[in-house]
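Chain A is fixed; fit chain B onto it per the hints.
Going line by line, the protein sequences match chains A and B.
Be aware that the first sequence starts at 379, since it is given in my numbering, and climbs by one per residue.
Be aware that the second sequence starts at 58, since it is given in my numbering, and climbs by one per residue.
Among the clues, some could well be false.
The following residues of chain B were derived to be distant from chain A, with all beta-carbon distances above 12 Å [to be verified]:
| # | residue |
| --- | --- |
| 1 | Ser111 |
| 2 | Ser116 |
| 3 | His127 |
| 4 | Gly130 |
| 5 | Ala132 |
| 6 | Met156 |
| 7 | Ala167 |
| 8 | Phe204 |
| 9 | Pro236 |
| 10 | Ala268 |
| 11 | Asp272 |
| 12 | Leu285 |
| 13 | Pro286 |
| 14 | Arg320 |
| 15 | Leu354 |
Computed beta-carbon distance windows for the label pairs [claimed, not checked]:
| # | chain 1 | residue 1 | chain 2 | residue 2 | range |
| --- | --- | --- | --- | --- | --- |
| 16 | B | Gln229 | A | Thr440 | 27 to 33 Å |
| 17 | A | Phe528 | B | Thr151 | 33 to 39 Å |
| 18 | B | Glu126 | A | Thr606 | 19 to 25 Å |
| 19 | B | Phe182 | A | Asp607 | 39 to 45 Å |
| 20 | B | Gln229 | A | Pro581 | 43 to 49 Å |
| 21 | A | Gly445 | B | Arg362 | 53 to 59 Å |
| 22 | B | Thr139 | A | Leu645 | 49 to 55 Å |
| 23 | B | Ile110 | A | Arg653 | 38 to 44 Å |
| 24 | A | Val499 | B | Thr270 | 47 to 53 Å |
| 25 | A | Val550 | B | Thr139 | 19 to 25 Å |
| 26 | A | Phe528 | B | Gln259 | 40 to 46 Å |
| 27 | A | Leu648 | B | Gln259 | 52 to 58 Å |
| 28 | B | Trp107 | A | Gln547 | 22 to 28 Å |
In short, the hints are calculated from the structure, not lab data.
All residues carry an ideal CB built from backbone N, CA and C; glycine is no exception.
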Amino acid sequence: MSAVTVRSAARTSARPVVGRALAFLIALALAFAVLLPVLIIAVTAFKPPAEINAFPPGLVPTSWTLGNFTRIFTDLPFARLLGNSFLFAGGVTACALVFDSLAAYALARLDFRGRGLLLVVIVSSLMIPFQATLIPVYQLVAHLGWVNTFQGMIAPRAADAFGIFLLRQFFVSLPRDLDNAARIDGASEFRVFWSIVLPNVKPALLTLGIFTFVNNWNDLLWPLIFTTDPEMGTITSGLTLLTGPSGILPYGTMMAGSLIAVLPLGLLFLALQGRFIESVATTGLKG
Amino acid sequence: MSATAQTRRTYRAPGQLGGRPRGRGGPRPARLALAFLLPALLILAAFVFWPVISALRLSFTDSSGFGAEHFVGLANYVEIFTTPRILRTLGVTTMYAAMFTPLTIAAALALALLLNRRTLWGRGFFRTAFFLPFIISMAVAAFAWEFLLDPQIGLLNYWLQSIGIHLGNVLQDPNLALPTVVLVAVWKSFGFYMVIFIAGLQDIPGELYEAATIDGANAWQRFTNVTLPQLSTTLAFVAIFALIAAFQAFDQIYVLTGGGPYRSTQTVVMEIYQEGFKKLDIGLASALSYVLLVITLVLSLIQFRFFNRREEAIAG
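With the rest of the complex left out, here is chain A:
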């Protein structure tokens, strides 16, 4: 009797621990598999070429070098590309935040004729993939003489329907009393927008900012088309110049460049973690 009780008690307490350990080990194995490509970038960037091309291949370097990093700056105009990426992704993000929030404010909190229709038109344009309009957009940018310029890369993305829609949803949910009080005090509409409404939607702005910056930093097709001068490319489009169909690939430089390309977003992600992931969940669900 007592032996049975002890055994069942032991089983009930042991079982969750075994289950937890098992789940943990599975998660650990999966995490290793998922992180292997990231690991290989980080490790190979510091490996000398002889070791990268050795057989059998290994994961952990036996000797470390910074040679790949110096080579990426001589093989490509890498500092320039890095700066271009910051200007392009940062410029698009700054413009989109300003223009989207202005438009979203009008659609959410100003009364004017045709507001409903305008919202429907803007939301409908969410269904148009940018890949489908690339050619006319390129022709327009070329017509303006903006190929290989920052305005040519930034202007077509300086406002977007998704951002307007996302911010409108946040603006609509704010109580009206908030800005009416300010209006009674004689504040202009722009002041109400700028100092009353905007500070209340900071999380939404951060969400849209992260989403826009990440998308543009990582984009390949856009910089590939809108820049023909290698000096005007972004880090993402520039790196693709290293790879080709022929011969042995310069994996060391490729991985060093990749590591630098990933670093800004990686640091942002690690600093924000929860907020970053929440942002993606929000934008994903709304998009």
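Chain B in isolation, oriented as in the chain A frame:
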């Protein structure tokens, strides 16, 4: 500038204070709204709405970007659907989507279920780890996989060989190149869908599981009878989202295979890029753009229906 603002503030008529006309939409509110809307509307008009119309017009011409262009009717569309070489890009893209969507959903859902266990040690770390590939560009992801799968010095290839799996040069293999570029996309994007699934799982009321457990349901039965039905709208939403993404596949294919070998990875967007920006057959590329637009439109409309239904379900 600041002086005018000052005067305006000083001379504001007392009747205007707090008494701004609302509702009817007189000239002042409309003009005010326009001022707020103008920058965004100009950009959307120039770079979204006009291009949609322009692409449609170009799709009926033999434009090459230079010189005269002629109206050719439906010739470009006929060429797409009668030339096996071009028609195949639609087939390749469909195959890509048919592999990418279920694989991504399966991986995302499995990991979401694992991470949804409240008792899992290091949950925060694992969530970060599984999400990390999503912030890496597809081009960089392609580099990493290219190295791992290198036929001579690839680590993954070497490990697989040591357990008897000889993949050879996957990127030069007409049968394996497409699955490989799909794999890179699944690896990069499952974390995004996983996060959406986790949000969906957390919305399922705990009582449902308790009730099922009391009724004697085992873990698998709880999954099929509680989790899946409760998650059905999220699943449908995610599936269409993934399908739309799949039909736009380009980046990793451009880096890894360039559409080869033997055009076995030549997707619709790869073809638009090559016809429109390399061969300068603007007419054909525009027609293909419209085919892509229509596919996306149909998928989006289905998605909107699901989205509205879910909103109604939440509201009701």
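Outcome of the hint check:
1. Ser111: For B:Ser111, whose nearest Cβ neighbour in chain A is about 4 Å away, the distance does not exceed 12 Å, so it is violated.
2. Ser116: 10 Å, violated
3. His127: Since the minimum Cβ distance to chain A is about 17 Å, B:His127 lies beyond 12 Å and the statement holds.
4. Gly130: 19 Å, holds
5. Ala132: 17 Å, holds
6. Met156: 19 Å, holds
7. Ala167: Given that some Cβ of chain A is not farther than 12 Å from that of B:Ala167, nearest at about 9 Å, it is violated.
8. Phe204: 5 Å, violated
9. Pro236: 16 Å, holds
10. Ala268: 21 Å, holds
11. Asp272: With a cut-off of 12 Å, B:Asp272 remains clear of chain A, as the shortest Cβ separation is near 21 Å.
12. Leu285: The claim stands: B:Leu285 keeps its Cβ more than 12 Å from every Cβ of chain A (closest is about 19 Å).
13. Pro286: It holds; B:Pro286 is separated from chain A by about 19 Å at its closest Cβ, greater than 12 Å.
14. Arg320: Fine: 14 Å to the nearest Cβ keeps B:Arg320 off the interface.
15. Leu354: About 5 Å separates B:Leu354 from the closest Cβ of chain A, which leaves it inside 12 Å; violated.
16. B:Gln229 to A:Thr440: 27 to 33 Å: With a Cβ separation near 31 Å, B:Gln229 and A:Thr440 satisfy 27 to 33 Å, so the hint holds.
17. A:Phe528 to B:Thr151: 33 to 39 Å: At 38 Å between Cβs, range holds.
18. B:Glu126 to A:Thr606: 19 to 25 Å: 22 Å, holds
19. B:Phe182 to A:Asp607: 39 to 45 Å: Holds: the Cβ-Cβ distance is about 43 Å, inside 39 to 45 Å.
20. B:Gln229 to A:Pro581: 43 to 49 Å: 48 Å, holds
21. A:Gly445 to B:Arg362: 53 to 59 Å: 56 Å, holds
22. B:Thr139 to A:Leu645: 49 to 55 Å: 52 Å, holds
23. B:Ile110 to A:Arg653: 38 to 44 Å: Cβ of B:Ile110 to Cβ of A:Arg653: about 40 Å, so the range 38 to 44 Å holds.
24. A:Val499 to B:Thr270: 47 to 53 Å: 50 Å, holds
25. A:Val550 to B:Thr139: 19 to 25 Å: 49 Å, violated
26. A:Phe528 to B:Gln259: 40 to 46 Å: 42 Å, holds
27. A:Leu648 to B:Gln259: 52 to 58 Å: 23 Å Cβ-Cβ, so the 52 to 58 Å window is violated.
28. B:Trp107 to A:Gln547: 22 to 28 Å: Taking Cβ atoms as reference, B:Trp107 and A:Gln547 lie about 27 Å apart, which means the hint holds.
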